[in-house]
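Chemist: Since each chain comes alone in its own frame, lean on the hints to assemble the complex.
For the protein sequence lines, the chains are A and B, in the order given.
Residue numbering for the first sequence is 1 to 479, as defined by the numbering used here.
Residue numbering for the second sequence is 1 to 422, as defined by the numbering used here.
What the hints contain is simulated information worked out from the structure, not anything from laboratory work.
Here the structure is a predicted model, which is why all the values come from computation and not from measurement.
Built from N, CA and C at the ideal position, the CB exists for glycine as well.
Mixed in with the good hints, there may be bad ones.
If we take Cβ atoms under 8 Å as the criterion, some of the chain B residues that face chain A in the derived model are [what the hints assert, rightly or not]: (1) P6; (2) I22; (3) F30; (4) F60; (5) Y66; (6) L69; (7) R79; (8) E81.
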Amino acid sequence: MVFSSMTFLFVFFPLVLVGYFGIFQKNTHRNLFLLIASLIFYAWGEPYYVALMIVSICLNFRIGLMIDTATDLTRKYTLAAGIFLNLFFLFLFKYEGFFVRQFNSLVEYRVPMRIESLNLPLPIGISFFTFQAISYLVDLYRKQAPVQKTVTGLGLYIAFFPQLIAGPIVQYSTIAQELEHRTIKYDEFTQGVKRFIQGLAKKMILANQLALVVEESFSATTPSVTFAWLGAIAFSLQIYYDFSGYSDMAIGMGLMFGFHFPENFNYSFIANTITDFWRRHHMSLSRWFRDYVFFPLGGSRVSKPRMVLNLLVVWLLTGFWHGASYQFIAWGLFFFVLLSFEKTFDIPTRIKKTPLAIPYHVFTLIMIIFSMVLFGEYTFLSAADHIHSMLGLKPNAPMVDLSTIRILNNDGIVLLLGCIFATPVIERLSCAIRTKYQENHLASSGYEHFCTAYHLVLFYVSVSYLVMGAHNPFLYFNF
Amino acid sequence: MKQNKPVFSTLPILFVSSTLFIGLLNLTNFLNGYRDANIEIPYNKQQALASIETKYTDNFIGKTNYVDLNGAFSLFLGRKELNERFLLENDFLTNTLIGGPSTYFLSYHDYWTYTDQTASIQNVKNLHDYLALYGIPYAFLQTPHLLTTDDDPTIPAGYSTSVNDNSDRLLAGVAENGIPSLDMRASLQEQGLNSFDIFFKTDHHWTIEGAFWAHIQVAEYIDDLMGTSYANPDYYDLANYNIEIYENSFMGPSGSRTGIYYAGIDDFSVITPNFDTEFQVEIPNRDWYRTGPFDHAMLDYSYLENDINNMYKQDAYCTYLLPNTEYVKLVNLQATNDLKVLLVKDSFSMPMAAFLSLHFAEVHLCQQNDHEEFLRTLHEIEPDVVLQMRTAVDRMSPQALADLEANQPSYWSQVQPNSDNP
Numbered sequence: 001m002v003f004s005s006m007t008f009l010f011v012f013f014p015l016v017l018v019g020y021f022g023i024f025q026k027n028t029h030r031n032l033f034l035l036i037a038s039l040i041f042y043a044w045g046e047p048y049y050v051a052l053m054i055v056s057i058c059l060n061f062r063i064g065l066m067i068d069t070a071t072d073l074t075r076k077y078t079l080a081a082g083i084f085l086n087l088f089f090l091f092l093f094k095y096e097g098f099f100v101r102q103f104n105s106l107v108e109y110r111v112p113m114r115i116e117s118l119n120l121p122l123p124i125g126i127s128f129f130t131f132q133a134i135s136y137l138v139d140l141y142r143k144q145a146p147v148q149k150t151v152t153g154l155g156l157y158i159a160f161f162p163q164l165i166a167g168p169i170v171q172y173s174t175i176a177q178e179l180e181h182r183t184i185k186y187d188e189f190t191q192g193v194k195r196f197i198q199g200l201a202k203k204m205i206l207a208n209q210l211a212l213v214v215e216e217s218f219s220a221t222t223p224s225v226t227f228a229w230l231g232a233i234a235f236s237l238q239i240y241y242d243f244s245g246y247s248d249m250a251i252g253m254g255l256m257f258g259f260h261f262p263e264n265f266n267y268s269f270i271a272n273t274i275t276d277f278w279r280r281h282h283m284s285l286s287r288w289f290r291d292y293v294f295f296p297l298g299g300s301r302v303s304k305p306r307m308v309l310n311l312l313v314v315w316l317l318t319g320f321w322h323g324a325s326y327q328f329i330a331w332g333l334f335f336f337v338l339l340s341f342e343k344t345f346d347i348p349t350r351i352k353k354t355p356l357a358i359p360y361h362v363f364t365l366i367m368i369i370f371s372m373v374l375f376g377e378y379t380f381l382s383a384a385d386h387i388h389s390m391l392g393l394k395p396n397a398p399m400v401d402l403s404t405i406r407i408l409n410n411d412g413i414v415l416l417l418g419c420i421f422a423t424p425v426i427e428r429l430s431c432a433i434r435t436k437y438q439e440n441h442l443a444s445s446g447y448e449h450f451c452t453a454y455h456l457v458l459f460y461v462s463v464s465y466l467v468m469g470a471h472n473p474f475l476y477f478n479f
Numbered sequence: 001m002k003q004n005k006p007v008f009s010t011l012p013i014l015f016v017s018s019t020l021f022i023g024l025l026n027l028t029n030f031l032n033g034y035r036d037a038n039i040e041i042p043y044n045k046q047q048a049l050a051s052i053e054t055k056y057t058d059n060f061i062g063k064t065n066y067v068d069l070n071g072a073f074s075l076f077l078g079r080k081e082l083n084e085r086f087l088l089e090n091d092f093l094t095n096t097l098i099g100g101p102s103t104y105f106l107s108y109h110d111y112w113t114y115t116d117q118t119a120s121i122q123n124v125k126n127l128h129d130y131l132a133l134y135g136i137p138y139a140f141l142q143t144p145h146l147l148t149t150d151d152d153p154t155i156p157a158g159y160s161t162s163v164n165d166n167s168d169r170l171l172a173g174v175a176e177n178g179i180p181s182l183d184m185r186a187s188l189q190e191q192g193l194n195s196f197d198i199f200f201k202t203d204h205h206w207t208i209e210g211a212f213w214a215h216i217q218v219a220e221y222i223d224d225l226m227g228t229s230y231a232n233p234d235y236y237d238l239a240n241y242n243i244e245i246y247e248n249s250f251m252g253p254s255g256s257r258t259g260i261y262y263a264g265i266d267d268f269s270v271i272t273p274n275f276d277t278e279f280q281v282e283i284p285n286r287d288w289y290r291t292g293p294f295d296h297a298m299l300d301y302s303y304l305e306n307d308i309n310n311m312y313k314q315d316a317y318c319t320y321l322l323p324n325t326e327y328v329k330l331v332n333l334q335a336t337n338d339l340k341v342l343l344v345k346d347s348f349s350m351p352m353a354a355f356l357s358l359h360f361a362e363v364h365l366c367q368q369n370d371h372e373e374f375l376r377t378l379h380e381i382e383p384d385v386v387l388q389m390r391t392a393v394d395r396m397s398p399q400a401l402a403d404l405e406a407n408q409p410s411y412w413s414q415v416q417p418n419s420d421n422p
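In isolation and in its complexed conformation, chain B is listed as follows (with noise of 0.2 Å):
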């Protein structure tokens, strides 16, 4: 039999050459590493060695590809879970946490997973009696979920939720303590939408044109609040809007998480007035002082950069009203009613919240994660309305409220004004 000789395999090359090749371009990296975790950690070595790992890892060169190939692999294994996110049969990507021994919830945050939701009741009640104190009329918005409903079709067998039993039950609570409230699940349903229609795939936020559907919500709902009528209905139409697409130019944190192949992509739109306008924004912590029009005074357009690779760190939702801000404050230049708003913010308020502010005289933004420098916020304020966002209720968790409560006996009580000093 004739015998033909050896095949050769290039394999060894590719193969020595490659790890050569990779590991010298890491090598400042690896060096990086290797220093900063014998400054951090000088006093643990094996603490120290697995610091040099993981910094090794975050910062390594090209490490997006690697999420892109990881998830166009998972996607091959059928694995509907990657990374903490999970894949909708839609293509929509949530959050998976697990609630207790072997039960998967599909939700973005672990309190909207409590059945019972006597901890979210009593932030939202605390907050509502503190302002009924001066008067102040407080009202709480139920945003809506990214699974309209806790059966919804995209769930596959095998997972659930219960983020909408949970909000029906908080809403019952909150109602049967007098707390006015905004259902904006509802409202979305009254107009026959989905919450994927006001989503993004790869974000745990609305999108743009999403907030902008919610603030037409709560500018009705500041009305009806308020027995006033100073949202401009003529501002409710797109049609007064520039609408500009960056077509698949956003990738959520959800998308960063697990790649391109497995999240894909969205579009992000950037809806700015047609119409003259001229605000003053401040937003201190982020040395943001701008006055003009609504786009220069509330955009950076820094976080449009319509780069791939930049996808993965900038995250074009910071556009509107820039991301990690402590307090934003927007004031109408034009306003023709001097309603001052404030909203217990998260970063599903932003978009919504600059588009509230075309009705509005004022519209502050605080959070209250700090809950002496929010009530120093609210005092120097002085709104004429408290909107308080469901997911802004549980910021300090339960837990964190009970140490204060701990450590300072009855802290609401200690820093309700007194009788004779209103």
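Chain A on its own, in the form it takes in the complex (with noise of 0.2 Å):
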């Protein structure tokens, strides 16, 4: 089931709601319905595979108990053990099929033997409860959390249905405490409403029709120079708006049901470099391998070349957790290089306040364009071809053509609101109102009034275009 779905939002959603705060008041209770309600929710989309994450909740149930009451040696052995576990089955449904068809290419000049592949079909969200469940682990050893006693807590860890399928990825420790305790105050169940109003809007109304820019551009053989580069930007805000709107969406209802998710996304293209993208863009993702591979093999405290090592280990990983393909491979080896020449001769630092900070802020923006366009395209290829146009390098490719007339005519007002909503324009707009006016009771209520009214306009013109059938995929339920 998608957030973005009539389903959701008339039918799952409300009846969850009434369960939670109508039928149960105690907290294990809650805990077991939100569980049960996040089981249906996987089933629904995944009729079969719900009995995989249910093995995948038990095995690290057990798991987790044998790390708490293990010595010091077998402690590191049960928590390999547990890892390796996780891994296997993420191998086994997302990369098995990439891995024998390479052992395939490689042995077929050489020996008449050929492996076949199990084909499995991906699990949807395997990568993010697989990343949760291994977080869960890692925490527990290093005593940064206590133990889960039920086998409840950890499934609605594993498995909320709020982040079970694109995330945030939430590290244990971050919500042990609440699968405990936890409190629901209003004013934070409205910003819960707030932000889940916004994130569907984000999908519905910026990232669906930017979708459209993008089929157009990147379907298209030889594209202008401009229709090119216009497919690559819609492309970039499309894939923000989806996934930090699928992010807003997840934190919005984990406020409602008391849980406090962490931030996935803070304006990714404001990012003076690429380190600071980073640190913006899918942000759970990146503390994952932070603190889960990076800082484990030394980080950055150790020597330039093997600090350079490490970030290559950290980003051909992140670049394999996205898709087993080459094309992802190639992405994370982009940023790898990005980065490692960043930390090399220690940009950030260096440019700040000079008159190069702007452009290697444009260099920086360009870069992730490209990036963008390595990860949405068909394949390698195709995404070296985009570029190739981009760049003007196609023969017979026109600067501008009708396409990119048609395209800014029809979305032009959409374009500009995706690049507007992008920078915090808005959010400090809206931040300079409620502090000007905070003394006056009369103006914060009316003011209040007015958000109350502009986010119910938003949530039903975004569900008027799920009712218009609108084209409706979110791109991060192919990790």
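Modeler: Here it is in structure tokens:
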């Protein structure tokens, strides 16, 4: 089930709210109710793989207990076994086909042997819930969080529907306490509703409309230079709104149920440097790799060559996490090169408050857009072809074509809104208004009513897109 | 600094209560969708789940309000395209079709976007040649497109259409084969009119006034073609008709796809003769058998219920001779001639045929979707003249025709009579 569906908005979610607030009062009952709801949520899209989810929960629960009670030496091995098991599931469903293909292509000219792939369909969100399970085991091993004593509690951590399918990846230590005790405040519930609606609107009004531009540009055989750029910019914005919209909905629902999930996006495109970009974009994934891969490898407090090697490992894994293909590996390596450059020469500090800051900001933005093309195009070759078009290197491709004019004519305002909302302009304006009138109750009250009306309009307009059967895939479900 | 108490927000209450209320309102709809999906697609769970969502959305209570809201918001966003419809600069709606990579055509029908009109010309020639074996005159009627010219000023930058250019090519091909044709686009221009004068804003059809105008062109053309003077010029004068205008009562399919704020609403006119008429009308597949004056025999006023919510479901255009008809027989019991006209029909033909039947003894309408059924009907009627609307030429797609030919080689020659049994 996806959040941006009529079934979720008007059947599943109201029923869960009624059950959670109207029927169950004790935290343990509420946890069990949320877990059952989450499994139904997952089963709606993956009727068969819900069994896999339950197995994963039970296994990790058992391993968690073993880590908690084991001696120092066996703790390590138990942790290793737990991580291996989780990664094995991930490998089996996500990477087995890729490795079988590579093996077959390597040996086919040497020996008459061919391995058949299992061709298992990818369970939705497996990369996300596997990482959460690993986070639980590692946090437990590091004694950063207490062991989860109930299978319901751990099940809820791994399978909680708001962040089950596309994150944010919540580290166990972040919400371990809230699994046991949480309070729901009206103000936070209000914030949750706002975040949820904002996320839904980002998805339905911006991401889905931008997707139409992207589809056209990416499928054009010889796009003009401007049309290729339009497609690339539209895709960068689409993926930002699609994914940050999903995260907003997840964070919003978390708040409604009393959980505080970590932020996942912070205006990615205003980043000054690539390092800054990864502090703003898909922050929960960056944090996960930082805490569970980069730091254990030594992080940046090692020699420069070793740090570069650590970065290489992290970015190879990050690329590979996104998908079992050379395209994503290349995408990861692209960022490895950029980040190594920045870290080796200490670019973020050097350019700070210098005239170079602005051109480097532009360079950063262009690199991000190129990386998005690599990420979003159908294949590695088509991505290279698109970048070729963007650089004006394709023979016979005009600078401007009718498609560009038509897109600007039809989708110009959506693109403009996409650019505006990708910056903190509106948020800062809203903050400024709130601060200015905080002592004037009448004005504050008027502003709050305006916000209520604004969010309700956003909600109903988003629903109207659902009713119209608008283009509706969530990009990060593929991971 | 004095700190006011926090402002209470009603948003959570309004949000939760509205999702609950709307959810409850649509609960039966959801349960029905769930039941149907499990019955219809028991073998594929994922497909069944997708089907539940589709059915739930399709039957969502208040759906038209959301369509209206979406249309209004799309206007705010300055969107020209919405739900496969396109808003021209003068607020008329037309269809958008993707005609190849990144090429958008404004055209109702994809056949009209084909630069190569060979298949359509062949379809016309097939029917013409077949009828020629029986000595039945045939004429091809090129109806006007919504866009009078391919460089119409209402087409915004970045969009294009080639429907008129392609129609010119089709007409040239038809003429090359010695087949008579009437280009109503030329008639329109000669009379200083524009397609926007005869089309609805929210529908791809011509208005009833447009159909009335078209019937004059066709009636005159039949007389020219047949060398007769059966058409009664008195019936060309709207002064001899009652015109009842139902204001803001018509929303065509383009309108119902995009909503009232995006598309607007059209007026709908009902034109009926104010002179004595007596007709016998048969529409077998709609179980419609009526004898009496024009309005009683041909019009179903139930399609004109002037209810805004009804407009999304009910198509006033079907007032004339009903929707989804297969074969229609109009017998003018007061006719002073015995001419039998067969019109290879589409939805465009319906109101026009109603007016045409005022001039001739019999007007028959049948569609060409099923060739065998068409030929059977043709031989039953034994018409004096056959007319084919442009919009009806490609009812059987070139691919379907090719398939037919592949399965039954020389399809047309098979059904052609033996020379000793004409």
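Chemist: Compare the structure with each hint and give your call.
Modeler: Comparing the hints with the structure gives:
Checking B:P6 against chain A by beta carbon gives a least distance of about 7 Å; that is within 8 Å, so the hint holds. The interface hint given for B:I22 holds, since its Cβ lies 5 Å from the closest Cβ of chain A, which is under the 8 Å cut-off. A least Cβ separation of about 5 Å between B:F30 and chain A falls short of the 8 Å threshold, and the interface hint therefore holds. For B:F60, the interface hint holds, the least distance from its beta-carbon to any beta-carbon of chain A being 6 Å, beneath 8 Å.
Against a cut-off of 8 Å between C-beta atoms, the interface hint on B:Y66 holds, since the closest Cβ of chain A lies about 4 Å away. Contact between B:L69 and chain A, as hinted, is supported at the beta carbon level, the nearest pair being about 4 Å apart and thus within 8 Å. Annotation: interface hint on B:R79 holds; nearest CB of chain A at approximately 6 Å, less than 8 Å. Residue-level restraint check for B:E81 holds (minimum Cβ-Cβ distance to chain A is 5 Å; threshold 8 Å).
The structure agrees with every numbered hint stated previously.
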